[in-house]
Each structure stands twice: as structure tokens, then as C-alpha cells.
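*Asks:* Make the full structure from the sequences, and use the hints.
Those protein sequence lines, which keep their order, are chains A and B. Each residue of the first sequence is one higher than the one before, counting from 1 in our numbering. Each residue of the second sequence is one higher than the one before, counting from 1001 in our numbering.
Quick caveat, the hints were computed from the structure, so don't treat them as lab data.
Between beta-carbon pairs, the in silico distance windows are: (1) A/Lys197 / B/Met1102: 25 to 35 Å; (2) A/Ala193 / B/Thr1264: 48 to 58 Å; (3) A/Trp259 / B/Thr1264: 54 to 64 Å; (4) B/Gly1154 / A/Pro60: 23 to 33 Å.
Covered stretches of chain B (in silico footprint by chain A; criterion: 3 or more residues with CB under 8 Å from a CB of chain A, positions within the stretch not fixed): (5) 1018 to 1030; (6) 1181 to 1190; (7) 1269 to 1277.
Which stretches of chain B does chain A cover? Using the computed rule of at least three CB atoms under 8 Å from a CB of chain A, they are: (8) 1164 to 1177; (9) 1283 to 1291.
Glycine included, each C-beta is placed from N, C-alpha and C at the ideal position.
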Amino acid sequence: MIGRLETVLSARIASGGKCLVPYITGGYPGWVDAIRACAAQGADAVEIGLPFSDPVMDGPVIQAASQIALEGGTDYIKILHEVRTLDVGIPLAVMCYYNTVFHAGHERFASDLAAAGISAAIVPDLPLEESGDWCAAAVAAGIETVMLAAPTAPDDRLPRVVERARGFVYSVGLLGVTGERTSLALTATTLAARVKKVTNKPVLVGVGVSNAEQAVEASRVADGVIMGASVVRRLMEGGADAVGAYVHEVREALDSAQW
Amino acid sequence: MVTPGSDGRFGDFGGRFVPETLVPACQELEAAFQDAWADPMFRSDLSDLLREYAGRPSIITECHNLSEQLGIRLILKREDLNHTGSHKINNVLGQTLLAKRMGKKRIVAETGAGQHGVASATAAALLGLECKVYMGAVDVARQELNVFRMRLLGSDVEAVTSGSQTLKDAVNEAMRDWVATVESTHYCLGSVMGPHPYPYMVRQFHRVIGDEAFEQTNELLGTSPDVVVACVGGGSNAMGIFSGFVDTPARLIGVEPAGGAAVTRGQPGVVHGMKSYLMQDEYGQVAEAHSISAGLDYPGVGPEHSYLASIGRAEYPTVNDDEVVAAFQLMSRSEGIIPALECAHALAWIVREAPSMKGKTVLMNLSGRGDKDVGQMMSILGGLQ
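*Replies:* Below is the structure:
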């Protein structure tokens, strides 16, 4: 099965471009407008974070945004309800911790996503060995599950991870949690190169890709980037307009670079 | 006892729900533990440390005064007499020896009441490891003596200000540290929880409590006790003592605080790397626990406890803070033993249920001493004229 997310990203790559996937914390004030701004400024897809009480893969910025969203009374049902009315013309993925999926039940969660028009799911605390049941339910509902490849993965693990991945392979940019860094970690391009060797699926680098320059640097090896904390910080500081301006800047940098 | 396979399962519970980055580290730890546990040299090094440094075996004490008052025969397993004042040292000596064997230079640990943090800081000082302890800011405030102890021992203590600022948030922050430092650092997890192999490994390091108590009670009573009682937060002291009696007819009782009752009030969920009973809301957001005792202020429970509960082998009743405060004073006055607030939960249940256990032999794990809690109790009780 090749789903909508993989189809859209592959088309961008086939045309010689690089993929840009911003992350927006669902339920945070202004999040719907922020997604519209991303789409209007050339994002290929948007990753919507479903806030969780214990986000162990996230650094201070996304933790704070999640906590504010939860304190504002959001929940994943409300977020999906709003997503349903979002007609932005690009595929949407959710990023959520596994207890959200497990508590709802695999089949129900997958069908809730599908009903809201979501294309894919990223579950960062669900590693390969534990992912079988969820992935089966997701496939049955037409949801692509993006798998994460980690810098610590030995060579014999990567082929199994990419084999299960749908949509794209999320190549983790560094050892650590989400957040902005002053420079791109060497592991970002090293791992992306290792992953590219074992798959033809789109390979995007995320975690620690913090500005337009780093997005270009990562994309020299990878097919594109996911940008989280640097986008969410702009949402928190300047709202949807600031997000739009930033996505525009990164899009231009990716489009004008020589590959 | 269940020995989990490579999937880390105790029945439906357990597993390894961690980010991909940590999977190789968990696999490496699992292999290193199995290798070490099967190695007579490692076992002998560990028992030497337990004997000559921690002061094992810990004794059992028959509580004649309380027994008479309650109409039962009450025996305490005295983990409070270990070096650093609680059972936590058993696991920490095991894990730090293992960390050294794996070539790690640094450990990180989470702590609630500070007992695991102090034990980790102690072992790190002894074995020459760098140590960083994460502790919720609420717990830093109510356990300031333990914070100072850890710093005195040369460890770095960081107050965690995210979420509920208690034990669960300290675990989150320790895991975030480990994700970033996994190549040089061992996560010295303090309870029978977390991703495989932790629940199994930590139980094995604590089963010395149950193995000793089995021998000691059989010598004293000529048989095993009728009831074995321990408090449960994550559940390590309880798993330790249950290990010695799970194959006997003894009733096994794990007492949870009413405000942190994962088994009674929780549903199966996944957090901190494991599938287990978890207090959560209708959308799977993890609930904040509320207990007078920082060490039990945890919304989850170790997966083997969930398993023992699910098959009906162990029971997990709850007690409230008022019962705990009363039990804390009762043991102090009746036996001259000031218990940790955590263990006062176990006694509170025994006091409440004693009328239905007349003449029974009851073994309680006194997993820690109460020195750390006297400041907090002073503010609750006033001057005690």
C-alpha cells in the first residue's frame, strides 16, 4: 500500500525538490490557523502533535506547548473534530504517544484518524518490536505509520525498520529530545545516509533541525526535514503569522539551494 | 515466579515501549544482566558488597507490643537497617556493579522520597561513577535533607519543574537525559518498572529480601507466615519480599496509597516504557498521584504487580493519609521504631484488617526508616506536647 502522504512526498522528490514537514501542537491557541499558514507557505505535509501528559521524546518548547494545550481543555477527539473541517490540500499526520493509541484501542484510533482525513501516524515510543498490532490496524484503516530510525540502531535493524515504515522514514537527527540546537549534529547526515542506503522510501530528518540553513544541510543527504521546536516556538511567540513567515523562509531556502 | 522472555512480558503486562534510540541500550542491558547474573564472579562480588557494605542479611524483628495490641503475630523484615536506610541499596549496588562491567562512566537516576537517589549517590561514590539524580521540585521541597545528602555524596541533583513535579516527572526527565547520553550513561532505574529488562532485573536484585525472610520466618515459625505485606509505589520492596513467598500459600498484600492506587483505580496503560495498570483519564492522559509519601506518589505500578493482581495471586488494597499518619505514630510509640511513611502504609492496612486476622502470623516489609520523614511529620503533627 502506498498512501497519500508517501505519494505526495515522492512527487516532490521526483520533481527534484526537498520535503518540508512542520510540526504544530494540536490544541495550542492558534493551531488551526498555523496549519493553514504552513500549507499556504509551501509545506508538503503537516505533523499535528496530540498533546500528552508525559512526552518523553520532547524538549522544553514542545513540552510547554503540550501542557498549555492540555490545560486549555483539549483532547484528541476535539483536535480531530477540527481537523475534519481543515481543507488545506496537503496530507496531515499526527504525532502521538502510544498511550493515546492504546487507551482508545488500535482499531478505534485508526478509524478516528481516517474519519478525520488524517493520512499518517507517528508514535515515537512505539519501537519496531511493539508496533505490529498497531500497524496492522493502521493498514486496515488506510493509515500510514511513519517509523523512526535512530542513530543508535545497528545496521541489521535499519532494514527491518524501513520495511515497516509507511509515508516516510523519520531519521532521528541526534541523540536526544526535540528542541533547537545551534548546529546540526553530525549524526543527522550520517544516519540519513545509512537509511537512504537501505530504502527507496522518502527519508526525512527530524529532531534538532532548527533553522533554514540546517534544513538545507540535512537535505543535502536526506529527502527533506521535519521541523518541530523552531516552528512551535514561533507559534508561541508570534502566532500563525510568525509560523507562516518561517515556513516561507525555509521553503525558499530549500527551493533555491543547488542539489 | 515468571521469567519474562525477550518480549519482557509478565502475562499481558510489561514490554519495552521506548523510543527507537533506547532499544539497543535496553537490549544491551538485557544481555549484560543475563551474562552477569549467570557469572559466579559477579554474584560473589555483589554478595560481598551486600554483606560488607550494605550490612546484609537484614534481621527480622518480632513486634511483641503491637502483636498483643492487634491480636496477631507481627514480624518485621528490617530493610530499614541497611546502609542508606532502605531496601533501595540492594538494587543500586547490583546496577552500578553492572554499569561498571558494561564500561559506563555515568549513571542517572530518578527519585521520589530521595531514598533511591541517596542509594544511587552512595554507590556512585563507592564505585567512582558520575551520578545525576532527577527529583520533582515538590519532592525537593519536602525532602530537603535527602537532597543535601545526595549533594554531600558528590551527586548532582536537578529539581524537575515539569508536570506534577513529582516522581513521574522525575522519571520523564531521567529518560530524556538517557536518550541524549545513552552511549556513556546507565539509567539506574529505582523500581520494578520501566522497559524490559528493568522490572525483571530490579526484582532479581531485590529478591534477596524475600529469600532471607523465607529462611528467617521458617526458622522462627517452623513454617511460612500467613500474610506478607508491603507498600507499593512502583513496587520494588514488595516484589522483593513477595519473591520469597509467591510459591507458598501466604496471602500477598501490596498496599497502595488511596491517591496513587494504580491497581484499584487504574486501567491498563503504557507509560515509562511499560504496559501496566495506570491511573489515567478517559483520553489516556496520565493522572497525577497525590500521596503524603513522596516515594509512593506514582500513578503507575510495576508490570509484575499488574500480572499478580490480574491472576489473583496478590491483593492491592489502599489506605488513606490519615490512617498512615496514625500508623506512623503507632509504630514509633509501640515498638520504638520510626518507620518510613511509605512502610506506614503497610502497617496502616495491618491495623485496619487485624480484627479479621486474629492469631495469624503477619510478615511486614519495613522497607525504610523514617528519619527522612520527621520534618514533614513535625509540620503535620505540630509539637506533640
